[in-house]
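> These are the residues of each chain, in order.
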Amino acid sequence: MIKDFEYFGPKTLNEALVLLDKYRDDYKIIAGGQSLIILLRQGLLQPENVIDIYGIKELDYIKSDGKKGLKIGALTTHREIEYSELMQGSFKVLSEMEHLLSTPQTRNRGTIGGNISHGDPAGDPAPVLMALGANVKLASITGERILNMEEFSVDYFETAMEHGEMLVEIELPAPPPHTGAAYTKFNIIASDMATVSVASCVTLAADDTCADVRIALGAAAPRPMRAKAAEAILKGKKITDALLKKAGQAASEEAEPVSDISASEEYRRELVKVLTARVTKEAMSRAKAG
Amino acid sequence: MLKELKLTINGQPYELSIHPRTLLVEVLREQLGLTGTKRGCNEGACGACTVVMNGKSVKSCSVLALSANGAEITTVEGLAKGAELHPLQKAFLDYGAYQCGFCTAGMLMSCKGLLNMFPNPTPEQIRDGIDGNICRCTGYNSILRAVEAVSRGDYKETK
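Top to bottom, those sequences are chains A and B. Final position of the first sequence in the numbering used here is 466; the numbers increase by one with none missing. Final position of the second sequence in the numbering used here is 164; the numbers increase by one with none missing.
It should be emphasised that the hints constitute simulated quantities derived from the structure, not laboratory data. Treat each hint with caution, since some may be false.
Said to hold, decoys possible - Capping the alpha-carbon separation at 20 Å, the derived lysine to aspartate or glutamate pairs in DMTMM-like fashion look like this:
1) K61(B) <-> E256(A)
2) K204(A) <-> E48(B)
3) K95(B) <-> E77(B)
4) K268(A) <-> E31(B)
5) K11(B) <-> E182(A)
6) K8(B) <-> E224(A)
7) K179(A) <-> E31(B)
8) K187(A) <-> D133(B)
9) K61(B) <-> D417(A)
10) K61(B) <-> E9(B)
11) K61(B) <-> D236(A)
12) K179(A) <-> E9(B)
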């Protein structure tokens, strides 16, 4: 049974921030609760105070500004992103990613902000957001700060959020022309977490060389991570199958996977190698088509 | 410390006093005796506890009851209108879409959530729609056929 706690259900961001400040020594924030409730039930977390932010309607939105990109409120559900008409062009990968995330019931209830705040390295949204160059906005009673996804992702189930802070918004910059993004994950059961996942975002120059590329790995390290050695191999070059193979090899070497019940370290490295090449190739072909 | 919870279940408003740790499935089964909703894996994996909350399917083992404050919940008990079964229930019977029945309440509520979103789902959408529900008697194909029959309009809903 879950250990009892004090429950607070703020209806505005400001009310929530006041509560976070007041109970900063011992609280957990709950949004959709799709990860947290499992941890509470297993007794892994026993907070004195639970602050339920799901009722804060002002954090449930997707806004598009052609020039500036996309802004997603932290309490937007996976389902809303999955079926949003704003997920066009290279943002379509967000809707594809959400379709692969867990089950309909979980996507109906769970939020994108809750997912990345949970800090599980096998979570689906983080690598995609990282590949798309997303920033996250954190708020506290004293103000706001903006971090990129690499700064935000610190360690196993750990983010850069301080006590008293909460995630309020995800900002995605508008991609340059000829940009394509793709995501895939390997798992045994379709609705499971990733054994390994890879997201890739490629921008092509006028001569079809790789102007920019961001590759992000999930479940391949204690945190979602950029595969920067792989990116360096591709940048400025014409992307060929041979070069993709080299990039996959580099990603496999820079990954820091662990062995666990789902897969051995060696198996995960092999997955990183194969999926990095495959997903980056798909991102490139989308960049050409776009 | 008990907290006040107000919610509507199958059209009936309730006011309860509960411990904050209480899950929605516990309120339904233990406090209200609505035992049609099943408690299976208890960790959000099997879908047996699925209910429809504000029109959408959710797993009631993975929702704090207090965060359902003000919500409209439909459980399997709320599908039939009096003695008249819901089209999905009729189709499940006709197509033999269950064996032991343990997953059935959750399956029905996932299908209800699916039809709320897509009244005429594609075969792929039906498969996706029950992705979060496990049936260990391997009744999936008959469930797909039952939902297809409902979306074809083979069963009329009683108003």
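> Now look at each hint and say whether the structure bears it out.
Cross-check of the supplied hints:
1. K61(B) <-> E256(A): Holds - the C-alpha atoms of E256(A) and K61(B) are around 12 Å apart, at most 20 Å.
2. K204(A) <-> E48(B): Given pair K204(A), E48(B) holds - Cα atoms ~19 Å apart, limit 20 Å.
3. K95(B) <-> E77(B): violated (24 Å)
4. K268(A) <-> E31(B): Judged against 20 Å, a Cα distance of about 39 Å means the pair is violated.
5. K11(B) <-> E182(A): Roughly 18 Å between the alpha carbons, so the hint for K11(B) and E182(A) holds.
6. K8(B) <-> E224(A): holds (15 Å)
7. K179(A) <-> E31(B): Distance ~15 Å between K179(A) and E31(B) Cα, so the pair holds.
8. K187(A) <-> D133(B): violated (33 Å)
9. K61(B) <-> D417(A): violated (44 Å)
10. K61(B) <-> E9(B): violated (24 Å)
11. K61(B) <-> D236(A): holds (16 Å)
12. K179(A) <-> E9(B): This hinted pair holds, its Cα atoms lying about 18 Å apart.
Checked against the numbered hints given earlier, this structure breaks hints 3, 4, 8, 9 and 10; the rest are met.
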